[in-house]
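Peer 1: If you want the building blocks of each chain, they are given just below.
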Amino acid sequence: MMAAMRQELTSRSVELENEKIQTVYFGGGTPSLLSYEEIMQFFEVLQKHYNLDHLEEITLEANPDDFSQDFIYAIEKSPINRLSIGIQSFFDEDLAFMNRVHSASQADRCVKLAQDKGIDNITIDLIYAIPSSNMERWKKNVAQGISLHVPHISSYCMTIEEKTTFGNWERKGRLVQVPDEKASSQYLYLVSALEDANIHQYEISNFAKSGFESKHNSNYWTGIPYLGVGPSAHSFNGKNSRRWNVSNNISYMKKMMAGEHYHQEEVLTPRDRYNETIMTSLRTKKGVSLEYIKKEFHLDLYTSFQESIEEHMRHGLALLENKYLRLTPQGLFVADKIASDLFLLEEKNEH
Amino acid sequence: MKNIRNFCIIAHIDHGKSTLADRLLQVTGTVDDRKLVAQTLDDMDLEREKGITIKAHAIQMDYTYKGQKYVLNLIDTPGHVDFSYEVSRSIAACEGALLIVDSTQGIQAQTISNLYLALEHDLEIIPVLNKLDLPNAEPEVVKDQIVELIGCERDSILSASGKTGLGVDSILEAIVERIPAPSGDVDAPLQAMIFDSMFNSFRGIIAYYRILNGTLRKGDKVKFMSTDRTYEADEVGVLGLDLKPKPFVAAGDVGYIISGIKTATEVKVGDTITTVANPCTVAVKGFEDVKPMVFAGLYPVDTDEYEELRASMEKLQLNDASLVFEPESSAALGFGFRCGFLGMLHMEIIQERLEREFDMTVITTVPNVSYFAYTTKGETLEIHNPSELPPPDKLEYVEEPYIKAQVITKSEYVGSVMTLCIEKRGILTNQLYLTSDRVELSFEMPLAEIVFDFYDRLKTISKGYASFDYFPAGYKQSDLVKMDILLNGDQVDALSALIHRDHAFDLGKKICLKLKELIPRQQFEIALQAAIGAKIIARETIKALRKDVTAKCYGGDISRKRKLLEKQKEGKKRMRQVGSVEVPQAAFLAVLKLNS
Numbered sequence: 001m002m003a004a005m006r007q008e009l010t011s012r013s014v015e016l017e018n019e020k021i022q023t024v025y026f027g028g029g030t031p032s033l034l035s036y037e038e039i040m041q042f043f044e045v046l047q048k049h050y051n052l053d054h055l056e057e058i059t060l061e062a063n064p065d066d067f068s069q070d071f072i073y074a075i076e077k078s079p080i081n082r083l084s085i086g087i088q089s090f091f092d093e094d095l096a097f098m099n100r101v102h103s104a105s106q107a108d109r110c111v112k113l114a115q116d117k118g119i120d121n122i123t124i125d126l127i128y129a130i131p132s133s134n135m136e137r138w139k140k141n142v143a144q145g146i147s148l149h150v151p152h153i154s155s156y157c158m159t160i161e162e163k164t165t166f167g168n169w170e171r172k173g174r175l176v177q178v179p180d181e182k183a184s185s186q187y188l189y190l191v192s193a194l195e196d197a198n199i200h201q202y203e204i205s206n207f208a209k210s211g212f213e214s215k216h217n218s219n220y221w222t223g224i225p226y227l228g229v230g231p232s233a234h235s236f237n238g239k240n241s242r243r244w245n246v247s248n249n250i251s252y253m254k255k256m257m258a259g260e261h262y263h264q265e266e267v268l269t270p271r272d273r274y275n276e277t278i279m280t281s282l283r284t285k286k287g288v289s290l291e292y293i294k295k296e297f298h299l300d301l302y303t304s305f306q307e308s309i310e311e312h313m314r315h316g317l318a319l320l321e322n323k324y325l326r327l328t329p330q331g332l333f334v335a336d337k338i339a340s341d342l343f344l345l346e347e348k349n350e351h
Numbered sequence: 001m002k003n004i005r006n007f008c009i010i011a012h013i014d015h016g017k018s019t020l021a022d023r024l025l026q027v028t029g030t031v032d033d034r035k036l037v038a039q040t041l042d043d044m045d046l047e048r049e050k051g052i053t054i055k056a057h058a059i060q061m062d063y064t065y066k067g068q069k070y071v072l073n074l075i076d077t078p079g080h081v082d083f084s085y086e087v088s089r090s091i092a093a094c095e096g097a098l099l100i101v102d103s104t105q106g107i108q109a110q111t112i113s114n115l116y117l118a119l120e121h122d123l124e125i126i127p128v129l130n131k132l133d134l135p136n137a138e139p140e141v142v143k144d145q146i147v148e149l150i151g152c153e154r155d156s157i158l159s160a161s162g163k164t165g166l167g168v169d170s171i172l173e174a175i176v177e178r179i180p181a182p183s184g185d186v187d188a189p190l191q192a193m194i195f196d197s198m199f200n201s202f203r204g205i206i207a208y209y210r211i212l213n214g215t216l217r218k219g220d221k222v223k224f225m226s227t228d229r230t231y232e233a234d235e236v237g238v239l240g241l242d243l244k245p246k247p248f249v250a251a252g253d254v255g256y257i258i259s260g261i262k263t264a265t266e267v268k269v270g271d272t273i274t275t276v277a278n279p280c281t282v283a284v285k286g287f288e289d290v291k292p293m294v295f296a297g298l299y300p301v302d303t304d305e306y307e308e309l310r311a312s313m314e315k316l317q318l319n320d321a322s323l324v325f326e327p328e329s330s331a332a333l334g335f336g337f338r339c340g341f342l343g344m345l346h347m348e349i350i351q352e353r354l355e356r357e358f359d360m361t362v363i364t365t366v367p368n369v370s371y372f373a374y375t376t377k378g379e380t381l382e383i384h385n386p387s388e389l390p391p392p393d394k395l396e397y398v399e400e401p402y403i404k405a406q407v408i409t410k411s412e413y414v415g416s417v418m419t420l421c422i423e424k425r426g427i428l429t430n431q432l433y434l435t436s437d438r439v440e441l442s443f444e445m446p447l448a449e450i451v452f453d454f455y456d457r458l459k460t461i462s463k464g465y466a467s468f469d470y471f472p473a474g475y476k477q478s479d480l481v482k483m484d485i486l487l488n489g490d491q492v493d494a495l496s497a498l499i500h501r502d503h504a505f506d507l508g509k510k511i512c513l514k515l516k517e518l519i520p521r522q523q524f525e526i527a528l529q530a531a532i533g534a535k536i537i538a539r540e541t542i543k544a545l546r547k548d549v550t551a552k553c554y555g556g557d558i559s560r561k562r563k564l565l566e567k568q569k570e571g572k573k574r575m576r577q578v579g580s581v582e583v584p585q586a587a588f589l590a591v592l593k594l595n596s
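The listed protein sequences derive, respectively, from chains A and B. Residue numbering for the first sequence follows our numbering, starting at 1 and increasing by one per position. Residue numbering for the second sequence follows our numbering, starting at 1 and increasing by one per position.
Next up, chain A with everything else stripped away, as it sits in the complex:
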């Protein structure tokens, strides 16, 4: 697998020929299983084939139970300068409910272990609206997260999708989703508690101390090109093409080694790009730039959707400030609906 991924990385370097790489992200699956040598092999390929002069942020995803001596050695010695730790919760009841292998005490300890080795640029994941939990426990989770003095927190609302274990449980009545009202109050609590701790919301699920916003994630929302390597990885050329690799590990390796096609591609129309811009930028604290929309898509967002925008403003969900349309914390929690209100649809062929 490593060899196949290195091969992909090598063969696709032309795609980013004129780009200065800003961020590298080891994520998806369990990249924390990589040994120091394996991590370094990727960097050798990167160094050889890519322009890393402007490389700033190199993140590795890890789980609290990964912090063995070898692992700590690997992150200490390699160029990795940011850790993303999937803590989820500091309570064993929640972790057991979510079927996580790590324990609350590991969750607690891992951050300190990293900090002791001088790795301070850490982000942790916390999950709210867990059916087994409640507001009281959530408050404790948030407090615990703040007390670790990490500069970045990602916090996701638990979503229960059909065709997953949780989905099945829900269907069978073994699990009852947290009602929207409660999820919403846990979310609003999170926003205000973190704000009080000087950790600012910069996207619906992302919070950071000033200057510690994830460059990598932010780039997804601003149309910067990215190249994803490995099974199921997605790439975007910064203009009009998105592509994604086959998701099956074996067929990814086979196809890669055999030199066969291992990805699918989607070409975006201007309308697709407009909709994506609306969707991703509305999720950010900054919001949608009316000027950018006008310049890129020749559309006056406000006059085109005046009625809808004003209604959202009336309900305290949206604000229009300095030529940006942005959502309030309440608005962010219904960002999908607001985004789809501002979407453009394909014109029906007139007959």
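Mixed in with the good hints there might be a few duds.
Claimed, not checked - Under the rule of at most 35 Å between Cα atoms (straight-line distance), these lysine-lysine pairs were calculated in the DSBU-like manner:
1. LYS552/B - LYS112/A
2. LYS294/A - LYS569/B
3. LYS286/A - LYS572/B
4. LYS547/B - LYS172/A
5. LYS323/A - LYS547/B
6. LYS239/A - LYS569/B
7. LYS463/B - LYS509/B
8. LYS459/B - LYS172/A
9. LYS285/A - LYS516/B
10. LYS323/A - LYS543/B
11. LYS286/A - LYS569/B
12. LYS547/B - LYS509/B
13. LYS295/A - LYS572/B
14. LYS172/A - LYS509/B
15. LYS215/A - LYS239/A
16. LYS567/B - LYS285/A
17. LYS573/B - LYS323/A
18. LYS543/B - LYS286/A
19. LYS77/A - LYS552/B
20. LYS552/B - LYS209/A
21. LYS547/B - LYS140/A
22. LYS567/B - LYS182/A
23. LYS323/A - LYS561/B
24. LYS572/B - LYS323/A
25. LYS172/A - LYS567/B
26. LYS255/A - LYS239/A
27. LYS593/B - LYS182/A
Stated by the list, open to error - Over 10 Å on every C-beta distance to chain B, these chain A residues come out as not near it, computed from the model:
28. ARG137
29. LEU148
30. PHE166
31. GLU195
32. GLN306
Stated by the list, open to error - Partner residues are not named here, just some residues of chain A that face chain B (Cβ under 10 Å, in silico):
33. GLY27
34. ILE204
35. TRP244
36. LEU268
37. ARG314
38. PHE333
39. SER340
FYI, nobody ran anything at the bench for these hints, they're computed from the structure. Quick reminder that beta carbons are idealized off the backbone N, C-alpha and C, glycines included.
Knowing the structure of chain A, use the given hints to seat chain B on it.
Peer 2: For chain B alone, coordinates are given in the frame of chain A:
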């Protein structure tokens, strides 16, 4: 005439009628192999997809048997109770019928009522076991069923496979051998029965008929007896894969006539054609003027497509005379039409044809039957729309249409079918065991009750093993009330329904619950109420939308999520505004979907 055979095919949906019919056409060389589009007879896309024949068609085949040339007329029949009158006319045009039974499924209840219709008309029945190529075929069991049902000889049952072509020759032989040749007098006054018609944009209405007596010649002056209109026979002929003009068509045969008719309503199925010069004295019996049974409002999704909708419906009416409509308007839906249909399936078909053939998406309101309202002033009003019902103080009483209904099902489902029919205000009038495990239940019940979710529930409780048939049985006085639905206090006229008083509370509650499910949360709370006059009988609340966002939106999520939100927006476009509330189309049919 002795070399003509007229026959139809009776089969349950999916038992392979169309495929087998195609085989017959192929073997007789009526259509050559290359041209054979699967299922030639069903030429509307919709028919092919729904697997049912909506409008009857006919086709003539030439077949040589033992050195003699025969003309075989296959008359196709629609397979649904909404079109039972059309079926009865098609059957009346034949001397024989192929009864096709799927050998993996056995005889299905739905086939039985058409089979009875055929037996009533003294048709020679040729039972055919189809799909014998399938590994799970159970020919012996199914043969038992057939023998028990029609009392035929076991060895008279033919075996076939439409897929492999097995047995097609023996079917053709049986058609010649067993089905009697038509009788009639070619020199008698013309007596031809119309069993179908179709619209051709260049030639107008083409009527299909079976001649019982006499001869129809090109150029004859003809009269349609029920309408008493006269026309000139511009062209007559027989029906191959295309129209085949002939100088004349004579007794016993099936043919077509083109006579410059522009409006479908002038050509009534079951009507008798005769000549002006030498008219027959009696019309073919069995003619009925088919009246719409179910009424509903049809509205364009986009309010400025009203004129377009009108034009589309006018075109549909050209080849579907049973569709009637008149303009109406609704506060919730704008301008549209109140339409009359033969039944619920007919309504669905019209809706789908509008969508496919004219790209017109419509919103349909709660269907209702036609009522008679008697006012205190002594007037009698025919009510096609709940809003036309006079206020309670002006209303003496209301009458609603009743039907005689027959349900044929397996004995194990008798209990649940009875429960359903009684719940639907039905009264059991007869119970008859057709075979040891097949029962016919007869009911008298209000037609309105079958409009509300009857078919779906019957299908569910009988696991699909129940056929349903009905005949109008006059009007009866009934305790009906008009139930209104309010959204945040605004009445939604398109959701008003006339229902029996005893059902009002229960139905009101169910409708409110269903609407709660169908109307998406909005940025404010929505009160849902059901009311009779000023009295609120049920209430539900849709809470304000608090959460609608996916937690993660990184590299791989963007495309998928964009498409999802585009779909949401697409759906929203079709919603209607009632006061400040956005109501999806599905909600206007909520009443029909209470149990799904």
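Peer 1: Given the hinted pair LYS552/B and LYS112/A, is their alpha-carbon gap at most 35 Å?
Peer 2: holds (27 Å)
Peer 1: Per the CB criterion, is ILE204/A less than 10 Å away from chain B?
Peer 2: holds (6 Å)
Peer 1: Tell me if TRP244/A is really an interface residue toward chain B, meaning its C-beta lies closer than 10 Å to one of theirs.
Peer 2: Since chain B brings a Cβ to about 7 Å from TRP244/A, closer than 10 Å, the hint holds.
Peer 1: Are LYS172/A and LYS567/B close enough, with their CA atoms no more than 35 Å apart?
Peer 2: Holds, at about 28 Å.
Peer 1: For the pair supplied as a hint, LYS543/B and LYS286/A, confirm whether the alpha-carbon distance does not exceed 35 Å.
Peer 2: holds (29 Å)
Peer 1: Holds or violated: is there a CB of chain B closer than 10 Å to the CB of ARG314/A?
Peer 2: holds (9 Å)
Peer 1: Check the hint pairing LYS323/A with LYS561/B against an upper bound of 35 Å on the C-alpha distance.
Peer 2: holds (26 Å)
Peer 1: Minimum Cβ separation between PHE166/A and chain B greater than 10 Å?
Peer 2: It holds; PHE166/A is separated from chain B by about 14 Å at its closest Cβ, greater than 10 Å.
Peer 1: So, as I understand it, the hint says GLY27/A touches chain B; can you test that by seeing if any CB pair is closer than 10 Å?
Peer 2: holds (9 Å)
Peer 1: Could you let me know if the closest chain B CB is still more than 10 Å away from the CB of GLN306/A?
Peer 2: Correct as stated: the minimum Cβ-Cβ distance to chain B is 16 Å, above 10 Å.
Peer 1: Under the criterion that the straight-line Cα-Cα distance not exceed 35 Å, is the pair LYS286/A, LYS569/B satisfied?
Peer 2: Roughly 24 Å between the alpha carbons, so the hint for LYS286/A and LYS569/B holds.
Peer 1: Could you let me know if the closest chain B CB is still more than 10 Å away from the CB of LEU148/A?
Peer 2: LEU148/A clear of chain B: closest Cβ-Cβ about 21 Å, beyond 10 Å.
Checked against the numbered hints above, the structure violates none of them.
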